[in-house]
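Undergrad: As they're listed, the protein sequences go chains L and H. Using this note's numbering, read the first sequence as starting at 4 and increasing by one per residue. Using this note's numbering, read the second sequence as starting at 4 and increasing by one per residue.
Some hints could be false.
No copy labels: a pair is met if it fits in one copy or bridges any two.
In silico DSS-like links for lysine-lysine, alpha-carbon gap of 27 Å or less [said to hold, decoys possible]: (1) Lys-213 - Lys-287; (2) Lys-287 - Lys-215; (3) Lys-295 - Lys-285; (4) Lys-287 - Lys-86; (5) Lys-213 - Lys-86; (6) Lys-285 - Lys-86; (7) Lys-214 - Lys-285.
Treat the hints as calculated values from the structure; they're not laboratory data.
Each chain is listed here by its residues.
Protein chains: 2
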Amino acid sequence: MALLSVLTPVLAVILCLVIGFILLKSREAPSTPPVETGSKANFRPWVDQDLQDDTEITAGEDEDGDWVDISEEDLLHVPYSPKRYSEEMMLQRSQDFYTLMNERRSVRFISPDPVPQEVINNVIHTAGTSPSGAHTEPWTFVVVSDPEMKHQIRLIVEEEEEVNYRQRMGEKWVHDLAKLRTNWIKEYLDVAPYLILIFKQTCGILPNGKKKTHYYNEISVSISCGILLAALQNAGLVTVTTTPLNCGPQLRLLLRRPANEKLLMLLPVGYPASNATVPDLKRKPLDDIMVKI
Amino acid sequence: MALLSVLTPVLAVILCLVIGFILLKSREAPSTPPVETGSKANFRPWVDQDLQDDTEITAGEDEDGDWVDISEEDLLHVPYSPKRYSEEMMLQRSQDFYTLMNERRSVRFISPDPVPQEVINNVIHTAGTSPSGAHTEPWTFVVVSDPEMKHQIRLIVEEEEEVNYRQRMGEKWVHDLAKLRTNWIKEYLDVAPYLILIFKQTCGILPNGKKKTHYYNEISVSISCGILLAALQNAGLVTVTTTPLNCGPQLRLLLRRPANEKLLMLLPVGYPASNATVPDLKRKPLDDIMVKI
Chain L
4 MALLSVLTPV
14 LAVILCLVIG
24 FILLKSREAP
34 STPPVETGSK
44 ANFRPWVDQD
54 LQDDTEITAG
64 EDEDGDWVDI
74 SEEDLLHVPY
84 SPKRYSEEMM
94 LQRSQDFYTL
104 MNERRSVRFI
114 SPDPVPQEVI
124 NNVIHTAGTS
134 PSGAHTEPWT
144 FVVVSDPEMK
154 HQIRLIVEEE
164 EEVNYRQRMG
174 EKWVHDLAKL
184 RTNWIKEYLD
194 VAPYLILIFK
204 QTCGILPNGK
214 KKTHYYNEIS
224 VSISCGILLA
234 ALQNAGLVTV
244 TTTPLNCGPQ
254 LRLLLRRPAN
264 EKLLMLLPVG
274 YPASNATVPD
284 LKRKPLDDIM
294 VKI
Chain H
4 MALLSVLTPV
14 LAVILCLVIG
24 FILLKSREAP
34 STPPVETGSK
44 ANFRPWVDQD
54 LQDDTEITAG
64 EDEDGDWVDI
74 SEEDLLHVPY
84 SPKRYSEEMM
94 LQRSQDFYTL
104 MNERRSVRFI
114 SPDPVPQEVI
124 NNVIHTAGTS
134 PSGAHTEPWT
144 FVVVSDPEMK
154 HQIRLIVEEE
164 EEVNYRQRMG
174 EKWVHDLAKL
184 RTNWIKEYLD
194 VAPYLILIFK
204 QTCGILPNGK
214 KKTHYYNEIS
224 VSISCGILLA
234 ALQNAGLVTV
244 TTTPLNCGPQ
254 LRLLLRRPAN
264 EKLLMLLPVG
274 YPASNATVPD
284 LKRKPLDDIM
294 VKI
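This is chain L alone, in the form it adopts within the complex (with noise of 0.2 Å):
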């Protein structure tokens, strides 16, 4: 009995340390938590702190900066010699095209006149020559012209937009919303003969099922997004170039587009309405955005 009072405080001590050991173990797993594990595998110790932006995160490593790729580089080369204009002819023709597309403004009230589907299919076509990494071509242009399809869009939208309004956009706007002539209501949905959705496609699907991440995708996509908005411009179509907010999984799954495509941009596509109006803003002079070494 006098040997137990004496290991009482021993084996408190011995109960003590195994349940402060379980306690501790039990502290270590959430320490590592399952989210945020694409900061470490992101992870690239030599990429500048500077250059830590959007475009090193999506770059890949094994990607070269010249976006082409060694199956490219497989493929037969053939001599290029396209059309060459006279220094007179080049002239002219850059500075008409300056003209043209400088009369391109974001329009948000556009006409129900129907457009011919084959000018949409010819602008779209003209996006599709966009360069991308490696030819990836990861783009997808959904061209909605169901009226119900684009009434359940605008739906969506509207939706997401007033809970922004609302909601999201904080509290220093809410002085400022008298304001605001344009709201939530976003009427060219419904009477935009189309509405294109532009997806980018984050990853590929190989022949043998395994997937292939396509480096820059949303940097492809945006580019052939400028070379649509200069092919809408040329037909003399207008659009107003959008990124609705937290719309995107609602879109994809509504449209039946594939888990790996996400929404970028959706362009409500048509002529002017007869009393479309625009702000009266100045775009920068070239000195302001041109540098010259």
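Starting from the known structure of chain L, arrange chain H on it as the hints suggest.
TA: Frame of chain L; chain H shown alone:
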């Protein structure tokens, strides 16, 4: 003494609990690492997991998806009635523009022949007509024609590219390297009459000196690059879209660009060399990139 004997296990338990508590506390500190706090700052509970991609991370809370901000809404609205072509004319124009753009190829063999500066001015001016998030126009086009500066750029790019090839591109590249026709030698950086380096302005500086975030700056600048590529093609000039890995900070310092600017792309520009070749690749047919609903 009997009392002490009885209390000893109790004291031992208390001591263990205190030690255990201290240990637990000391473990908690490293379980909230000082790095990756960005994920906390970016945490927005309403964003679907599906949408946590580049677009959403660059999208701000005080940003409408329509790329318009309040300052723009304060502007006078003016009528907008651009030229409307006949359906036949639209069809013809859209077909011609497709044909022109479809002739564009990424060309790595560029002629040293001089190109009029005025043409370059016009294509940059055209790129500046691109839409941008909240009309921030977050782009700087640095046009380099000075031979010494071009050579400095080449040295920086080639040094980094060589490290890319030799060290960073992983084992699977090693056995493929022999097949590669291109390597880290970028002769076009010396030869092309112009190098256009496109910087995205990640934020702007307001007149009061405060910083203003440029939402969607990467998408905006990529769209403007798409319009730039269209303008170059229209003028009969060629380029290759490159995103030099890890060279951004060095090139930014070399070109004396401010810290709010990040290099997005580098385009060598000129006529194609007389012996220029391109890989014999095909583009996806229209049905593979367009979905009609």
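Undergrad: As a check of your reading, is Lys-214 near Lys-285 (CA-CA no more than 27 Å) within one copy, between copies, both or neither?
TA: Between copies, since 22 Å is at most 27 Å while 45 Å is not.
Undergrad: Evaluate Lys-287 and Lys-86 at a C-alpha cut-off of 27 Å and name the case that applies: within, between, both or neither.
TA: This pair counts as between: shortest inter-copy Cα distance 24 Å, intra-copy 33 Å.
Undergrad: Go through the copies and call it for Lys-213 and Lys-86: within, between, both or neither, with a Cα cutoff of 27 Å.
TA: neither (41 Å within a copy, 49 Å between copies)
Undergrad: Classify it for me, Lys-287 with Lys-215: is the Cα-Cα distance of at most 27 Å met within a copy, between copies, both or neither?
TA: between (40 Å within a copy, 17 Å between copies)
Undergrad: Please work out whether the CA atoms of Lys-295 and Lys-285 approach to 27 Å or closer within one copy, between two copies, in both situations, or in neither?
TA: Classified as within; 23 Å inside a copy, 36 Å across copies.
Undergrad: Using 27 Å as the alpha-carbon threshold, which applies to Lys-213 and Lys-287: within, between, both, or neither?
TA: between (46 Å within a copy, 20 Å between copies)
Undergrad: Is the C-alpha distance from Lys-285 to Lys-86 at most 27 Å within one copy, between copies, in both cases, or in neither?
TA: between (35 Å within a copy, 20 Å between copies)
Going down the numbered hints, you'll see the structure goes against just number 5.
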